[in-house]
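Can you join these two chains into the complex? Each is in its own frame, and there are hints to help.
Chains A and B, in that order, are what the protein sequence lines are.
If you're matching positions, the first sequence starts at 55 in this note's numbering and goes up one per residue.
If you're matching positions, the second sequence starts at 236 in this note's numbering and goes up one per residue.
Hints may be right or wrong, so weigh each one.
The list that follows gives simulated cross-link-like pairs (lysine to aspartate or glutamate, DMTMM-like), each with its CA atoms no further than 25 angstroms apart [as the list claims (entries may be wrong)]: (1) B:Lys303 / A:Asp303; (2) A:Lys280 / B:Glu408; (3) A:Lys466 / B:Glu284; (4) A:Lys221 / B:Glu308; (5) A:Lys306 / B:Glu284; (6) A:Lys280 / B:Glu457; (7) B:Lys473 / A:Asp191; (8) A:Lys221 / B:Glu284; (9) B:Lys473 / A:Asp166; (10) B:Lys302 / A:Asp303; (11) A:Lys306 / B:Asp436; (12) A:Lys306 / B:Glu300; (13) B:Lys473 / A:Glu282; (14) A:Lys221 / B:Glu465; (15) A:Lys221 / B:Glu408; (16) B:Lys473 / A:Glu189; (17) A:Lys280 / B:Asp436; (18) A:Lys306 / B:Glu457; (19) A:Lys221 / B:Glu315; (20) A:Lys221 / B:Glu457; (21) A:Lys306 / B:Glu308; (22) A:Lys306 / B:Glu299.
Source of the hints: derived by calculation from the structure; they are not laboratory data.
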Amino acid sequence: MEMPSPNPAILACKSRLVERLAKVLPADAVIEDEAETRAYECDALTAYKCPPLLAVLPRSTQEVSDVLRICHEEGVPVVPRGAGTSLAGGALPTADCVILGVARMNDVLETDYANRTIRVQTGRTNLSVSGAVEEEDFFYAPDPSSQLACAIAGNIAMNSGGAHCLKYGVTTNNLMGVTMVMMDGTVVEIGGAHLDAGGLDLLGVICGSEGQLGVVTEATLRILRKPEGARPVLIGYDSNEVAGACVSDIIKAGVLPVAIEFMDRPCIEACEAFAKAGYPMCEALLIIEVEGSEAEIDHQLRLITDIARSHNPVELREATDSDEAARIWLGRKSAFGAMGQINDYMCLDGTIPVTSLPHVLRRIGEMSKEFGLAVANVFHAGDGNMHPLILFDANKPGDLETCEAFGAEILKLCVEVGGCLTGEHGVGIEKRDLMLHQYRPADIEAQLRVKDVFDPKWLLNPAKVFPLSTTQSRRAPAMAAE
Amino acid sequence: MTPQSEAELADIIAAAKGPMSIRGGGTRGSSGEGDPLSVAGLSGVTLYEPGALTLVVQAGTPVEEVKKILAGENQRLAFEPMDHRGLLGTQGVPTMGGVFAANTSGPRRIQSGAARDFLLGVRFVDGRGDVLSNGGRVMKNVTGYDLVKLMAGAYGTLGVLSELSLKVLPMAEACGTVAVDVADLATAVAAMSVALGSPYDVTGAAYDPDAGTVFIRVEGFETSVAYRGEALLQALAKFGEARMTLGEGAALWEGIRDVAAFHDKPGDVWRISVKPSDAIVLAQTLGATALQFDWGGGLIWALMEEGTDLRARMNVPGHATLVRASAQTRGAIARFQPEPAPLAAISAGLRAQFDPRAILSPGLMG
Ligand SMILES: Cc1cc2nc3c(=O)[nH]c(=O)nc-3n(C[C@H](O)[C@H](O)[C@H](O)COP(=O)(O)OP(=O)(O)OC[C@H]3O[C@@H](n4cnc5c(N)ncnc54)[C@H](O)[C@@H]3O)c2cc1C
Ligand SMILES: Cc1cc2nc3c(=O)[nH]c(=O)nc-3n(C[C@H](O)[C@H](O)[C@H](O)COP(=O)(O)OP(=O)(O)OC[C@H]3O[C@@H](n4cnc5c(N)ncnc54)[C@H](O)[C@@H]3O)c2cc1C
Numbered sequence: 055m056e057m058p059s060p061n062p063a064i065l066a067c068k069s070r071l072v073e074r075l076a077k078v079l080p081a082d083a084v085i086e087d088e089a090e091t092r093a094y095e096c097d098a099l100t101a102y103k104c105p106p107l108l109a110v111l112p113r114s115t116q117e118v119s120d121v122l123r124i125c126h127e128e129g130v131p132v133v134p135r136g137a138g139t140s141l142a143g144g145a146l147p148t149a150d151c152v153i154l155g156v157a158r159m160n161d162v163l164e165t166d167y168a169n170r171t172i173r174v175q176t177g178r179t180n181l182s183v184s185g186a187v188e189e190e191d192f193f194y195a196p197d198p199s200s201q202l203a204c205a206i207a208g209n210i211a212m213n214s215g216g217a218h219c220l221k222y223g224v225t226t227n228n229l230m231g232v233t234m235v236m237m238d239g240t241v242v243e244i245g246g247a248h249l250d251a252g253g254l255d256l257l258g259v260i261c262g263s264e265g266q267l268g269v270v271t272e273a274t275l276r277i278l279r280k281p282e283g284a285r286p287v288l289i290g291y292d293s294n295e296v297a298g299a300c301v302s303d304i305i306k307a308g309v310l311p312v313a314i315e316f317m318d319r320p321c322i323e324a325c326e327a328f329a330k331a332g333y334p335m336c337e338a339l340l341i342i343e344v345e346g347s348e349a350e351i352d353h354q355l356r357l358i359t360d361i362a363r364s365h366n367p368v369e370l371r372e373a374t375d376s377d378e379a380a381r382i383w384l385g386r387k388s389a390f391g392a393m394g395q396i397n398d399y400m401c402l403d404g405t406i407p408v409t410s411l412p413h414v415l416r417r418i419g420e421m422s423k424e425f426g427l428a429v430a431n432v433f434h435a436g437d438g439n440m441h442p443l444i445l446f447d448a449n450k451p452g453d454l455e456t457c458e459a460f461g462a463e464i465l466k467l468c469v470e471v472g473g474c475l476t477g478e479h480g481v482g483i484e485k486r487d488l489m490l491h492q493y494r495p496a497d498i499e500a501q502l503r504v505k506d507v508f509d510p511k512w513l514l515n516p517a518k519v520f521p522l523s524t525t526q527s528r529r530a531p532a533m534a535a536e
Numbered sequence: 236m237t238p239q240s241e242a243e244l245a246d247i248i249a250a251a252k253g254p255m256s257i258r259g260g261g262t263r264g265s266s267g268e269g270d271p272l273s274v275a276g277l278s279g280v281t282l283y284e285p286g287a288l289t290l291v292v293q294a295g296t297p298v299e300e301v302k303k304i305l306a307g308e309n310q311r312l313a314f315e316p317m318d319h320r321g322l323l324g325t326q327g328v329p330t331m332g333g334v335f336a337a338n339t340s341g342p343r344r345i346q347s348g349a350a351r352d353f354l355l356g357v358r359f360v361d362g363r364g365d366v367l368s369n370g371g372r373v374m375k376n377v378t379g380y381d382l383v384k385l386m387a388g389a390y391g392t393l394g395v396l397s398e399l400s401l402k403v404l405p406m407a408e409a410c411g412t413v414a415v416d417v418a419d420l421a422t423a424v425a426a427m428s429v430a431l432g433s434p435y436d437v438t439g440a441a442y443d444p445d446a447g448t449v450f451i452r453v454e455g456f457e458t459s460v461a462y463r464g465e466a467l468l469q470a471l472a473k474f475g476e477a478r479m480t481l482g483e484g485a486a487l488w489e490g491i492r493d494v495a496a497f498h499d500k501p502g503d504v505w506r507i508s509v510k511p512s513d514a515i516v517l518a519q520t521l522g523a524t525a526l527q528f529d530w531g532g533g534l535i536w537a538l539m540e541e542g543t544d545l546r547a548r549m550n551v552p553g554h555a556t557l558v559r560a561s562a563q564t565r566g567a568i569a570r571f572q573p574e575p576a577p578l579a580a581i582s583a584g585l586r587a588q589f590d591p592r593a594i595l596s597p598g599l600m601g
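Chain B extracted, bound-state conformation (with noise of 0.2 angstroms):
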């Protein structure tokens, strides 16, 4: 089903009778089971103030769409969501709702902050059927609780996304990036750690095992780019070779945002979450087939052998998502990471409050 309206999706939300699987342009392959709810018709741009760095869009505007028309006004969504569709294998157009549903965020999230960062108001429908709204369009808001976050990163279990204010920021003048070849991973967190730990504000902290590399990020007007770079290039110099690449960053960044490396190899693909510092010794128990670093060491990919739990050889806090693998693989290994006992039961306890019939891609995330 594909509703045109915010009304029309409460309406078949009210009247639905067994689970419903959502989408907006099913690129993520995270949808849950049941019939295909569709939110692409809820598509357009309602209210844009590039003087006020605010957008509101309906949940099913294509990311693309809001791309091109922030680039009109030399803006952008800082956040960088990531590009699903090479590394699952999917076709399709993303919508926005899909990204704010998933959190999804690329390699400036250790700076700019995460995609509920940016995040100020949402409309959606409960599994009731009412259309609800929380936050506003508003910078700073703390009138009520802040179910904006809450719903960010949802999946769409405890509502459907209609409508999203969200913060915009400016384009950066000029890129440029700090290539150092490290001898190992212990050195590319270290070299991670130095630039991020730096006052030269670096929008992005990556490290490619298999070329060797850790790539450092700086964004802003030309001449400081320029001068941030250069001082990065110092710093970073006791690592190994460093250079420095001003301007063309684009393509690397999208590679790493998308994880391009994993694109057309076989395994299951993991995406786990801890403090950057433990990637060092969490990396020497995984076993994987082959890894990708971003986040200073934060954010790691993980290529595994089909159907390995990794969950199972995680020796340091944090969380993990099966973020590729098939039907057979998902059946038998949670998606998401399993809550310990208290947090599962408040999670528990608000999907029955929003959802009280389990109809909104219900087990998708617990």
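If we strip away everything but chain A, and leave its shape as in the complex, we get (with noise of 0.2 angstroms):
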């Protein structure tokens, strides 16, 4: 993955941006000793390391507008962080760059049940929010699985989804208002605790917008009460395409679980190996999960295993006590423990129409020898995020570059049937050069023509999403500044 060179005269301007940043900001806050950034060299894709020039930790809005401003003033380029675990390297650095993390801001601003929205520091992670306010039995819906490490920061950046979000929708869906700051320190104020915009919508746009557009400092997210129960169901099938006939029949039915996942065969033999959950062995395995009270989980759960039996499963088991629905989400839960057990391996996240699944499910195992590489699926069947986990050895000279075409090939399948690159982790710098495979050159312009609004000098993580021979022009300006 190429990046962008370093401008060696911001490498030049290292004593003087610390000297000024020092004015700003507390002594502990500015990290330059080159031991400690490496901390942050890279994030959750450690194929790629870079230690930035200095990373800075402010501690309030007003601390991150004077850090944006002076880096804005000196045409250095900012990359956010919140906790690092972008699987697409948004939050790598170039050698070049000020890291600006959030992670220092984590307070909870203000919890309103009446009105049910909670008010954080985006540094917050995002299963603390929901920490915040379980003592009223209320929960942030959007749960990734990293979601005991991520921080909401980074959520915000990414659109994260979650295993629940069939029901409750991602980020984006739950995001009611940020503190944004400008890069040239400029702050604003979008949204709130009121629903919609009034103008345009630019909370939409600068949700998932990777960090490129503004560092959002504050949220205002939407709080749900609780539901009375949940409870899972595991059906197995010897088939994928029958699998996938069963989920589209079930939302057919008008039934809409909250989650339902999909794991194939080296899925769950390899779950099964580490995590020992007592999944049957076979070609395809559905947890399905519903809520409601008893009696309502009981009727969702009826509908299910009605529609599920006419497939012919090979296994069909309903959780009866809440041991043994930990013990159907067990298995799911460990995947990516599982895998990483096994080898190194790449986590992909296309999404495809539901109805491809079993076309894409053969191609990707037909691929899988050509590569001569092994692929695990596990799935977000109800709305076709796809993330197979290719597997690979990094000692091994050249598997990482195998394992990248193969992966890059699996995109582009996603593309041709209808789907997209990337559900919920994000382009960073994983998927950029993909991009023009899913839109053409005028479709890329817009976007790029949206930053150009937001950060006319391009030093907002500008070497993310987009193909660097896309945004060469818009970025060389910076260079020549100095």
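Printed below as a string of structure tokens:
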């Protein structure tokens, strides 16, 4: 993955920059020592690393504004960072950038149960937002698997999803307002505890903009009352086609489960070996969860299992108590850990129309043979968001490159069948060079024009999301100005 | 002008010499000044996959036609778009493009989301005459910037929508309404807050001050609606006399959605979005002829004496849109809430990028 070469003029001005930043930040908030900047050299896409010029850890919106104003004046690129769990390289530094980490900004500013909102600083972790409202039986709905670690900042920047988004939506559907600092230091308030924008939906375009339009420091989030209960059912089939047809029939029948997770045989085998959840050995496994009171759950599960039975499952297991429910989820929740045990892996994130599921899984199987690398599939089947995990050996020369080439082919296939490159992880650097497979040059240009408005000097996370060739002329003036 | 294809639409915009007033069915009374440009010629369903909950339509397709097709598969537009004709006294056929261009959502917005939350992808023609696309037809998509949201609610000022991909949802098997007679607005807001903060998945929470009644809606499978309705009845009894009706709620909720209470009453109509609990203090200062409340109090419809600038009386955060007024009033009072300077600059910047010649309903939004 190519990154722009660092601007020597910026590297040369490091001491001046440190001096200026030290005037607006507490002493321990400016990190310049090379041993310490290493902590910020990558995110969860660990194949790519580069220590930044500096890292700063402000504690307030005002401090963020001061930092950005100075970097703007000095023409220094800034890469915002939450918890660094991006799988797309969204928080990967360049050697001439300042990493602006919001991890120290993790306060709850206001909880308002009467109006069902919470306002937090964005460095707060996803799970601890739900934690803050748990005592009143409320929760924050988007639940990425990384929720223990990832920050609301990154969730907003990536428009992250989770297992339960079939019912509750992704970040953008649960975000009501933000405080954002523009690259020149201007602080803007967008949205709030009221619904929908008065003018253009700026909040909508900021969510998912991967740290390229502004640094989000505070957020108003929608919180919801917890359902009375939830229960999963596990269904095994001996073919992907039949499992796919079952999902489609359930949706058509008017049942809307909160989650429909799909695992294929390689994934089932790996999870079983790792977590020993007692999964049946079959071609395709569905975990479907519904919510409500006991009686409502019984009713929905009856509808679902009736449909499932009509497709002749090899296994159908309803949870009768919370222990069994936990065991049904155990394997799925340890899928990534299980893969990590066997091998290095790359986790893809394309989305396909759910109707193309059998075709896409068949093609991935064929490609797996062509490239000589194994793949396991976990899948949010209700919304078509796939997570193929390609296994490779990082110590074997050439294996990473083969894996990346294979991954690119899978993502192109997703686009070909009417889907997209990324459903929830974001483009970052990982899928940057594939963007022209999904969008025509004019469609990319329209997006670049949006960044022109928010960040005319192209200093915020400039080397991400779009193929470098398409942004060259915009990034060049920033370089030349030095 | 009424182009019959996206290519023709693009040619017309590319060749335009002056401002154009974009309209679908012409029912929402919110097109800007200029040569009328109708999108009604771009009509029809391109793709419908009930098992994937997705629908792709041309922007000029009548809303009624879409509803009918969805009903055939027991599905619906969950965000419940309002029909403006009764309120504005307009005629014509509301189109899908108009629904999304105005981000029109009804009572269910509080539970299922706004129109913009159901829009998965768009094709549109910008002010340069370029055909652009963003998003797609799958439910989860974070590939590049979300211009889909930006186009929803832009009232055609950033581009003319030609094709829309949307998410649809199953129709509910049953509907139940709990009605509670309350003493005043504060009690109404408190009751709605309890209902919306309950685990009973409320899909509507409205208050009609003329009747003095709060309406709470639950939808879903029949047994489940009965169960949740009963639970809400218990929880709300302390706010006033409460009763439940099962089924037959459609007309009531359509009336709430379309603000039937104001249909043949004279005066300007304003639509205000605030934090629900702020409705209480706001209502006291508005000096409105009549008020209606939806979204738990967060959506306020205000009938005002002609020519009143309601915004001067807003004492809480939020925004107000002038929905119905005489041409004279519309000339004097901005239709949309003016934005603070930094946001206005961003919005103006975006308009300049997408419509550099300022020909798409210029001045409509600011
Ligand atoms: C094991 C594992 C499981 C995962 N599961 C899921 C999942 O289920 N669903 C899912 O959607 N994702 C998942 N992810 C991906 C990742 O956790 C999400 O993308 C998450 O939202 C990133 O949050 P972060 O705080 O770690 O952001 P970072 O990695 O620090 O940054 C991500 C992006 O956000 C930008 N950014 C950070 N802070 C700000 C700010 N204040 N203002 C503006 N931009 C900012 C960065 O520049 C970068 O582009 C998973 C990751 C891992 C490692
Ligand atoms: C009795 C009466 C009262 C009236 N009152 C008012 C009034 O109070 N205010 C007023 O302004 N006019 C009023 N009018 C005029 C009339 O309603 C409108 O000027 C005109 O009909 C607008 O229709 P429309 O396109 O907005 O409707 P719709 O087609 O419903 O469009 C709604 C909005 O979306 C935009 N739009 C529609 N389709 C697209 C698309 N494909 N892509 C992008 N954008 C799109 C439109 O520009 C408009 O902003 C009134 C007319 C009558 C007869």
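These are the hints, each one checked on the structure:
Proximity of Lys303 of chain B to Asp303 of chain A is assessed by CA-CA distance (about 21 angstroms); at most 25 angstroms being required, the pair is judged to hold. Taking the CA atoms of Lys280 of chain A and Glu408 of chain B, the gap is near 23 angstroms; set against the 25 angstroms cutoff, the hint holds. Simply put, Lys466 of chain A and Glu284 of chain B have alpha-carbon atoms about 22 angstroms apart, close enough for the 25 angstroms limit, and the pair holds. The suggested pairing of Lys221 of chain A with Glu308 of chain B holds, with an alpha-carbon distance near 20 angstroms, which does not exceed 25 angstroms.
For a cut-off of 25 angstroms, the pair hint linking Lys306 of chain A to Glu284 of chain B stands: about 10 angstroms separates their Cα positions. Distance restraint check for Lys280 of chain A and Glu457 of chain B: the Cα-Cα separation of roughly 22 angstroms lies within the 25 angstroms cut-off, and the hinted pair is therefore satisfied. Using a Cα cut-off of 25 angstroms, the hinted pair Lys473 of chain B and Asp191 of chain A holds, with the two alpha carbons roughly 21 angstroms apart. Note on Lys221 of chain A and Glu284 of chain B: the hinted pairing holds, with a Cα-Cα distance of about 19 angstroms set against a maximum of 25 angstroms.
Taking the CA atoms of Lys473 of chain B and Asp166 of chain A, the gap is near 22 angstroms; set against the 25 angstroms cutoff, the hint holds. A hinted pair counts as satisfied when its Cα atoms are at most 25 angstroms apart, and Lys302 of chain B with Asp303 of chain A qualifies at roughly 21 angstroms. Between Lys306 of chain A and Asp436 of chain B the alpha-carbon distance is near 21 angstroms, which keeps this suggested pair within the 25 angstroms criterion. At most 25 angstroms may separate the alpha-carbon atoms for a hinted pair to count; Lys306 of chain A and Glu300 of chain B meet this at roughly 20 angstroms.
Using a Cα cut-off of 25 angstroms, the hinted pair Lys473 of chain B and Glu282 of chain A holds, with the two alpha carbons roughly 22 angstroms apart. A threshold of 25 angstroms between alpha carbons decides the hint, and for Lys221 of chain A with Glu465 of chain B the separation of about 24 angstroms falls inside it, so the pair holds. Restraint check: the Cα-Cα separation between Lys221 of chain A and Glu408 of chain B comes to about 17 angstroms, which is no more than 25 angstroms; the hinted pair holds. As the CA atoms of Lys473 of chain B and Glu189 of chain A are separated by approximately 24 angstroms, the hinted pair is consistent with the 25 angstroms bound.
A threshold of 25 angstroms between alpha carbons decides the hint, and for Lys280 of chain A with Asp436 of chain B the separation of about 10 angstroms falls inside it, so the pair holds. Simply put, Lys306 of chain A and Glu457 of chain B have alpha-carbon atoms about 18 angstroms apart, close enough for the 25 angstroms limit, and the pair holds. Restraint check for Lys221 of chain A and Glu315 of chain B: the C-alpha separation of about 17 angstroms stays at or below 25 angstroms, so the hint holds. Restraint check for Lys221 of chain A and Glu457 of chain B: satisfied, since their Cα atoms lie roughly 19 angstroms apart, inside the 25 angstroms limit.
For the suggested pair Lys306 of chain A and Glu308 of chain B, the alpha carbons sit about 8 angstroms apart, so the restraint of at most 25 angstroms is met. For a cut-off of 25 angstroms, the pair hint linking Lys306 of chain A to Glu299 of chain B stands: about 21 angstroms separates their Cα positions.
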